[in-house]
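Listed here are the chains, written in short residue letters.
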Amino acid sequence: MRLLALIRKEFIQIIRDPRTLALTFAMPVIQLFLLGYAATNDVRNIALAVFDQDRSPASRELLDAYRAADYFRIDFDVDSEIEIRQLIDSGAARAGMVIPPDYSEQIAAGHTARVAFVIDGSDPTLAGTALSAATLIGQAQSTDIAVERLSRQGQLAAMDPAIEVRTQVWYNPDLVSAYYMIPALIGMILQFLTTILTSTAIVRERERGTIEQLIITPIRSWELMIGKLAPYVIVAFIDTIEILIAGILIFGVPINGSLPLLLLLSGLFLVSTLGIGLLISTISNTQQEAMLTSIFTMLPSIFLSGFFFPLAAMPQFLQWISYAIPLRYFLIVVRGIVLKGVGASALLPEIIALSVFAFIVMGVAAKRFHKRLD
Amino acid sequence: MLIEANNLHKSFGDVRAVDGVSLHVAACEAYGLVGPDGAGKTTTMRLLVGAFACDEGEVRIAGHDIRTRPEDARSNLGYLPQRFSLYSDLTVQENLNFFGEVRGVTSAELAQRGAELLGFVGLKGFEQRLSGQLSGGMKQKLGLACALIHQPRVLLLDEPTGGVDPVTRQDFWQLIIRLLADGVAVIVCTPYMDEAVRCNRVGFLSQGRLLTQGSPRELTARLEGRVLELVAEPRVRARQLSLDDPDVEDAQTFGNRLHLRVRAAAGPLERLPGTLAAAGVQVTRLKPIAPNLEDVFIALLEEAEAAHV
Numbered sequence: 001m002r003l004l005a006l007i008r009k010e011f012i013q014i015i016r017d018p019r020t021l022a023l024t025f026a027m028p029v030i031q032l033f034l035l036g037y038a039a040t041n042d043v044r045n046i047a048l049a050v051f052d053q054d055r056s057p058a059s060r061e062l063l064d065a066y067r068a069a070d071y072f073r074i075d076f077d078v079d080s081e082i083e084i085r086q087l088i089d090s091g092a093a094r095a096g097m098v099i100p101p102d103y104s105e106q107i108a109a110g111h112t113a114r115v116a117f118v119i120d121g122s123d124p125t126l127a128g129t130a131l132s133a134a135t136l137i138g139q140a141q142s143t144d145i146a147v148e149r150l151s152r153q154g155q156l157a158a159m160d161p162a163i164e165v166r167t168q169v170w171y172n173p174d175l176v177s178a179y180y181m182i183p184a185l186i187g188m189i190l191q192f193l194t195t196i197l198t199s200t201a202i203v204r205e206r207e208r209g210t211i212e213q214l215i216i217t218p219i220r221s222w223e224l225m226i227g228k229l230a231p232y233v234i235v236a237f238i239d240t241i242e243i244l245i246a247g248i249l250i251f252g253v254p255i256n257g258s259l260p261l262l263l264l265l266s267g268l269f270l271v272s273t274l275g276i277g278l279l280i281s282t283i284s285n286t287q288q289e290a291m292l293t294s295i296f297t298m299l300p301s302i303f304l305s306g307f308f309f310p311l312a313a314m315p316q317f318l319q320w321i322s323y324a325i326p327l328r329y330f331l332i333v334v335r336g337i338v339l340k341g342v343g344a345s346a347l348l349p350e351i352i353a354l355s356v357f358a359f360i361v362m363g364v365a366a367k368r369f370h371k372r373l374d
Numbered sequence: 001m002l003i004e005a006n007n008l009h010k011s012f013g014d015v016r017a018v019d020g021v022s023l024h025v026a027a028c029e030a031y032g033l034v035g036p037d038g039a040g041k042t043t044t045m046r047l048l049v050g051a052f053a054c055d056e057g058e059v060r061i062a063g064h065d066i067r068t069r070p071e072d073a074r075s076n077l078g079y080l081p082q083r084f085s086l087y088s089d090l091t092v093q094e095n096l097n098f099f100g101e102v103r104g105v106t107s108a109e110l111a112q113r114g115a116e117l118l119g120f121v122g123l124k125g126f127e128q129r130l131s132g133q134l135s136g137g138m139k140q141k142l143g144l145a146c147a148l149i150h151q152p153r154v155l156l157l158d159e160p161t162g163g164v165d166p167v168t169r170q171d172f173w174q175l176i177i178r179l180l181a182d183g184v185a186v187i188v189c190t191p192y193m194d195e196a197v198r199c200n201r202v203g204f205l206s207q208g209r210l211l212t213q214g215s216p217r218e219l220t221a222r223l224e225g226r227v228l229e230l231v232a233e234p235r236v237r238a239r240q241l242s243l244d245d246p247d248v249e250d251a252q253t254f255g256n257r258l259h260l261r262v263r264a265a266a267g268p269l270e271r272l273p274g275t276l277a278a279a280g281v282q283v284t285r286l287k288p289i290a291p292n293l294e295d296v297f298i299a300l301l302e303e304a305e306a307a308h309v
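Protein chains in written order, with the numbering used here: chain A, 1 to 374; chain B, 1 to 309.
To be clear, the hints were calculated from the coordinates, so they are not data collected in a lab. All figures in this text were calculated on a predicted structure; none of them were measured in a lab. Ideal Cβ placement from N, Cα and C applies to all residues, glycine included. Careful: at least some of the hints might be erroneous.
[As the list claims (entries may be wrong)] Distance ranges between label pairs, derived from CB positions:
#1 A:Ala366 to B:Ser107: 24 to 32 Å
#2 A:Pro349 to B:Gln133: 48 to 56 Å
#3 A:Asp374 to B:Glu302: 29 to 37 Å
#4 B:Ser107 to A:Ile226: 19 to 27 Å
[Claimed, not checked] Now the stretches of chain A that chain B is said to cover, found in silico as 3 or more residues with beta-carbon under 8 Å:
#5 13 to 24
#6 199 to 210
#7 218 to 232
Isolated chain B, as found in the complex (with noise of 0.2 Å):
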């Protein structure tokens, strides 16, 4: 295991950030870490890099403890913050070359693998321009250019999308994806359920608890044959009598479509579509779906709320 973290605990106050998180990462493997705004994943990123100390429990990256070993563990570790964390007074070249040379990195190899770097992210011809001056999607791919530039095992990014455009998302992604084959372990921070569908494992953290960690494919296996699709006109009033049904526990907005999360498929099936029709809404599509992570995700927080209350 690459990336190893056992019982993190890590209070402000009176305030649980992070309560009892434990996750393991292999090499070649993509860690999703979603969960609301709040939840406790900054603050768990902070922890695994050591920013914070945790108030309870252990990080090991690469098998070095990063209490006692800071300096091993973090020659592995590359990291982005969500928030620009670069000198904006220097310049692209200017910043890769410090982040390269207080990680160790000889001349020769920064020289080399700087210009590599800059390729890999699309700043070739950037190398001048003080990074300051960059676009928002261009600051993150510098700050993944300088997070690489000591060739880390270990990659932790927080919200690295957040406010870049669909194409430079599309364009992360990929680059994520070549990290993975060249055998890095990535852990992503992210809002987006798309971009958390593309890690091998993701975990689900709500109010500094990890909820449930799994494959996207296990995750929404939890909620198979309990989502119903249900297309229909008008979709205030459809929403509204489908919440009266005794066995539909949520129904959920998704553009012209409803998702209806039930208890059992076979009761809805069978009552909603004389409900709404004697209701004068015309229900255009009502099928079993395979349930999506946001579906699974909005249940698991229902449940946890139902839980503390």
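With the rest of the complex left out, here is chain A (with noise of 0.2 Å):
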């Protein structure tokens, strides 16, 4: 068998480099928590500076609601605005809130009480969500206090308030980030992973001369072909699996959907990214050329998929050229699967574009790829 030859030197040559071998395992685990930990956009313990001039158990109560929730911590309790300023500038604070001294005689009157919140926007994650955290626990209040008001009145004791706003999140309800990294990430490491080292592994016949003696035997193209991407395949394989385990194990992602359709998903995404390198060993001479080729198709495809950055904020030419990144298709089916545990049927549109992507780049390789020198 003249394949399984060229698989078993493919492997015995992977299990002779055990620096790569390593990189190749240990990649994902690395990326893992750097993604899980490093680049979250959770935003908990917001530092806040309080200057209560009221200091009444309206204005307790208040403060109480901002503890209860746990956005803010309340670090600092001063005794004028210029110290808000002073720890928001140093970054020791990164809120400051006044409460006025009339704050609880303006709400016993049934007037509106004006509370100060001050935010540093420096980082504009940071302060959207304590923004709209802040907002939202001051709207909370305000509601409480409306209906105490009006069933002290007498009028409807248990009224209800005239709009109730619930808002429920699906899927990651308490919106972790490493929820929504982790899927993703075996997106992007099959694609880097298996364009690099099928490359590379292509080139280096070249590099070395070894295709030579290659060329003259009665190898087909096609099982040169599957020989080389073979062995990838199975290790692309063997490292989706590992984010799974360590995904669940270390950050408890839930996988809601089917894992054989996100294999054999998986599988489809493979076809377009070996094909990927599988061209650019075509048009690489060097292992060098072919590494620092694949790192180049790396990049437009990490930040046009929506990995990092929704596509929908982009300019409208981006989100064009977006529909030319397979990763963008992979990233919706396999976060459907894990996150949402949505079927194939939901999924139809990407599994098309995936299929398309896979026939065309795998054929293009395919026709390109000579066993020959010239």
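Two chains, two separate frames, one set of hints: put the complex together.
Here it is in structure tokens:
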């Protein structure tokens, strides 16, 4: 069996290169930690400085409401607005709240009490979260007070609020970034590994001259292609399972959908990325060239696939370009299956897009892949 | 004919690397392809094995067209490229097994033939060594073993003894001679004339063209009676004076001797002793000798250059 001999040879070579092998299996875990812990958008425990000029039961109630939601941590109880400014300037506090001296009087009189909230906007993500959290907590408190007032006046003891907006977050109710990033990491690792490893594995034969001996064997081009790709498909699947297990064990990512479907569609995505690797190998003369070209294709994939930044927020022309990036579709697939537990029917457009990519990229690569030197 | 190549052409851009080469090699025959660096020897070999597609012409190996029936042609073909082309991260045994398996040698045959071949090339006991850690000569021997694992009827060797010590070179030729006895057709590219002499036929390649081909005897016969050996001191002066003679075309130094190529021997034999003696050059010997391949080669190259200008 020529094909088996090729695959066996490739595996021996993979094992004889322990440094690359270690990298191959260590990279996903390292990336997982980086993305799971460092690249998080979750905002908790924003340091808050409070200047409470009222110091009444009503103002304490308001502060308790802020304490209860763990967005804020009241770190500083100050006596002037200047102190708040200093704390925010120095970075010790990220937000400040000023409760006016007549806060309880205004509420008791049935007027609107005005509380000032200052937010350090230098980190937009943090500021955005702080802003909406501060507003929401204030509104909730205001509703409570309104209900209390009405009931005290004896009108409609158990009156319902006029409008109640009940928000409910599906799929990732705690909005944990890790849940969003880890499935996507599978897509990124799959693409990164397969393009780099396959393109360099093929170019290495050319660089070291071994291709000359391979050429004159009766191995057919397609056998050489499959023999070169198959070992890295297996490596990629081991990595996929590694990421899933690490994601579940370390970050508690719930797998809501079908694992076989996820692996099957990962396989479909791999056809495209292996094809890209193969294409790169046909235009590179050295392993360095192949590696640089692979990294070059990675950058647009990461930024234009919705990996870090939502596509909807991008300029129109970048959104158009994103349609030409297979990772874009795979991220929808993998996030859909892992987070939402959706089935194949909900992912049909993405499956079709990935199939088209697989067909075109692999087709062009196979056509360009010759068992010749010229 | 086991190897048939007709009118091969191959250009890279404007450079005609191979320009109309035809050669035919039969079983039991060793064909030596010689020529200066850049003459197109390696390109010709790559055309013969189908590593390059030729622009024009056709190659048949054991009757199979390398282009239309590459698998059949290659199952009869063993090739040892100039550059080491085995896997340095695989052991001797693994390389041999791999190239056997991809050529469809069964495992039973492989075990027997592999051991035989390693003994044949003198690599017994090195089976578990990584091939990247072999010496230059041993690498070439392993390359030869891998090229022979499927018992090809055609063997192409591209400078097999480049960078190899004289003893190993000798071993190598003994191996080739035994293969010839088994009915294999061999083409050897070599820059060494002493190796070319061992071939049944020799082709001189220059700038992609085969200037001439024939047995070493036929080739040297063309210069029969036209090479004189001159031993004289001081040699540099002797060479200058010889070149001044109207019938001397060329003078090459071989150690302490000069080979003079002459239009006809009679004139210089008569004139030179007097001319040299008059200039104070002491002549130890001046006599016609049998030309060697190198003389022929140099004469051919000069002719070709003259024709080009």
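Evaluated hints:
1. As the Cβ distance of Ala366 (chain A) to Ser107 (chain B) is approximately 31 Å, the hint placing it in 24 to 32 Å holds.
2. For the pair Pro349 (chain A) and Gln133 (chain B), the supplied restraint of 48 to 56 Å holds, since their beta-carbon distance comes to about 55 Å.
3. Evaluation of the 29 to 37 Å hint for Asp374 (chain A) and Glu302 (chain B) yields a pass: the beta carbon distance comes to about 32 Å.
4. Between Ser107 (chain B) and Ile226 (chain A), the C-beta spacing of about 22 Å keeps the proposed range 19 to 27 Å intact.
5. For the stretch 13 to 24 of chain A, the proposed coverage by chain B is satisfied: 3 residues have a C-beta within less than 8 Å of a C-beta in that chain, meeting the threshold of three.
6. Coverage of a stretch by a chain is defined here by at least three residues with a beta carbon nearer than 8 Å to that chain's beta carbons; for the stretch 199 to 210 of chain A and chain B the count is 3, and the condition holds.
7. Beta-carbon proximity to chain B at under 8 Å applies to 3 residues in the stretch 218 to 232 of chain A; the threshold of 3 is reached and the given coverage holds.
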